[in-house]
Amino acid sequence: MPILNRAAEMQDEVAGWRRHLHQRPELNFDVFETAAFVTEKLKAFGCDDVVTGLGKTGVVGIIRGRLG
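Following the working numbering from start to finish, the sequence shown increments by one per residue and tops out at 68.
These aren't lab readings, by the way, just hints derived from the structure by calculation.
Treat the hints with caution; some may be incorrect.
Claimed, not checked - Simulated crosslink set (SDA-like; lysine to any residue; CA at most 20 angstroms straight-line):
(1) LYS41 to VAL14
(2) LYS56 to GLU13
(3) LYS56 to ARG19
(4) LYS56 to ALA15
(5) LYS56 to ARG66
(6) LYS56 to GLY46
(7) LYS56 to LEU67
(8) LYS56 to ASP12
(9) LYS41 to ASP12
(10) LYS43 to ARG64
(11) LYS41 to VAL60
(12) LYS41 to ILE62
(13) LYS56 to VAL14
(14) LYS41 to ARG64
(15) LYS43 to ASN28
(16) LYS41 to ALA8
(17) LYS43 to GLY65
(18) LYS41 to MET10
(19) LYS56 to GLY16
(20) LYS43 to HIS20
(21) LYS41 to PRO25
(22) LYS41 to VAL51
(23) LYS43 to LEU27
(24) LYS56 to LEU27
(25) LYS41 to LEU67
(26) LYS56 to ASP30
(27) LYS43 to GLU33
(28) LYS41 to HIS20
(29) LYS41 to VAL59
(30) LYS41 to VAL31
(31) LYS43 to GLY61
(32) LYS43 to ILE62
(33) LYS56 to THR34
(34) LYS56 to PHE32
(35) LYS41 to HIS22
(36) LYS43 to ILE63
(37) LYS43 to MET10
(38) LYS56 to LEU42
Just so you know, these numbers come straight off a predicted model, no measurement behind them.
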């Protein structure tokens, strides 16, 4: 499926994520709940690895490329 079609299908879901995050504001870079939420989503997306705790609350999803 083309990525634009998939993105359009996810519009309501992504809007829900935004509402979820904005209903739970975190201040002064103490974004532990937000980091946990993002970590959960990256794992659900199937990232090859998810690195957490970078600079306290940073999160990185790693996707390893594959040939073909």
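Evaluation of the provided hints:
A threshold of 20 angstroms between alpha carbons decides the hint, and for LYS41 with VAL14 the separation of about 11 angstroms falls inside it, so the pair holds. A hinted pair counts as satisfied when its Cα atoms are at most 20 angstroms apart, and LYS56 with GLU13 does not qualify at roughly 28 angstroms. The hinted pair formed by LYS56 and ARG19 fails the criterion: a straight-line CA distance of about 24 angstroms is larger than 20 angstroms. With a C-alpha separation of about 26 angstroms, the suggested pairing of LYS56 with ALA15 is violated against the 20 angstroms cut-off.
With a CA separation close to 31 angstroms, the supplied pair LYS56 and ARG66 exceeds the 20 angstroms bound. This hinted pair does not check out: LYS56 and GLY46 have alpha carbons roughly 23 angstroms apart, beyond 20 angstroms. Note on LYS56 and LEU67: the hinted pairing is violated, with a Cα-Cα distance of about 34 angstroms set against a maximum of 20 angstroms. Using a Cα cut-off of 20 angstroms, the hinted pair LYS56 and ASP12 is violated, with the two alpha carbons roughly 30 angstroms apart.
Restraint check for LYS41 and ASP12: satisfied, since their Cα atoms lie roughly 15 angstroms apart, inside the 20 angstroms limit. At most 20 angstroms may separate the alpha-carbon atoms for a hinted pair to count; LYS43 and ARG64 meet this at roughly 14 angstroms. A threshold of 20 angstroms between alpha carbons decides the hint, and for LYS41 with VAL60 the separation of about 11 angstroms falls inside it, so the pair holds. Note on LYS41 and ILE62: the hinted pairing holds, with a Cα-Cα distance of about 13 angstroms set against a maximum of 20 angstroms.
Of the supplied pair hints, the one linking LYS56 and VAL14 is violated, its CA atoms being roughly 25 angstroms apart against a limit of 20 angstroms. As the CA atoms of LYS41 and ARG64 are separated by approximately 17 angstroms, the hinted pair is consistent with the 20 angstroms bound. The straight-line distance between the Cα atoms of LYS43 and ASN28 is roughly 26 angstroms, outside the 20 angstroms bound, and the hint therefore fails. Proximity of LYS41 to ALA8 is assessed by CA-CA distance (about 18 angstroms); at most 20 angstroms being required, the pair is judged to hold.
Taking the CA atoms of LYS43 and GLY65, the gap is near 17 angstroms; set against the 20 angstroms cutoff, the hint holds. Proposed proximity of LYS41 and MET10 is supported: the alpha carbons are some 13 angstroms apart, at most 20 angstroms. At most 20 angstroms may separate the alpha-carbon atoms for a hinted pair to count; LYS56 and GLY16 exceed this at roughly 26 angstroms. With a C-alpha separation of about 18 angstroms, the suggested pairing of LYS43 with HIS20 holds against the 20 angstroms cut-off.
Restraint check for LYS41 and PRO25: the C-alpha separation of about 18 angstroms stays at or below 20 angstroms, so the hint holds. Using a Cα cut-off of 20 angstroms, the hinted pair LYS41 and VAL51 holds, with the two alpha carbons roughly 13 angstroms apart. The straight-line distance between the Cα atoms of LYS43 and LEU27 is roughly 25 angstroms, outside the 20 angstroms bound, and the hint therefore fails. At most 20 angstroms may separate the alpha-carbon atoms for a hinted pair to count; LYS56 and LEU27 meet this at roughly 14 angstroms.
A hinted pair counts as satisfied when its Cα atoms are at most 20 angstroms apart, and LYS41 with LEU67 does not qualify at roughly 25 angstroms. Using a Cα cut-off of 20 angstroms, the hinted pair LYS56 and ASP30 holds, with the two alpha carbons roughly 8 angstroms apart. Between LYS43 and GLU33 the CA atoms are separated by roughly 15 angstroms; this keeps the pair inside 20 angstroms, and the hint holds. Simply put, LYS41 and HIS20 have alpha-carbon atoms about 13 angstroms apart, close enough for the 20 angstroms limit, and the pair holds.
The suggested pairing of LYS41 with VAL59 holds, with an alpha-carbon distance near 11 angstroms, which does not exceed 20 angstroms. Among the hinted pairs, LYS41 with VAL31 is consistent with the structure: their alpha-carbon atoms are about 15 angstroms apart, no more than 20 angstroms. Under the criterion of a C-alpha separation no larger than 20 angstroms, the hint pairing LYS43 with GLY61 is consistent with the structure, at around 8 angstroms. The hinted pair formed by LYS43 and ILE62 meets the criterion: a straight-line CA distance of about 10 angstroms does not exceed 20 angstroms.
In summary, the hint linking LYS56 to THR34 is supported, as the alpha carbons are separated by about 12 angstroms, within the 20 angstroms threshold. Under the criterion of a C-alpha separation no larger than 20 angstroms, the hint pairing LYS56 with PHE32 is consistent with the structure, at around 9 angstroms. The suggested pairing of LYS41 with HIS22 holds, with an alpha-carbon distance near 16 angstroms, which does not exceed 20 angstroms. Distance hint between LYS43 and ILE63 is fulfilled; the C-alpha atoms sit about 11 angstroms from each other, no more than 20 angstroms.
Under the criterion of a C-alpha separation no larger than 20 angstroms, the hint pairing LYS43 with MET10 is consistent with the structure, at around 17 angstroms. For the suggested pair LYS56 and LEU42, the alpha carbons sit about 18 angstroms apart, so the restraint of at most 20 angstroms is met.
Hints 2, 3, 4, 5, 6, 7, 8, 13, 15, 19, 23, 25, counting from the list given before, are not met by this structure.
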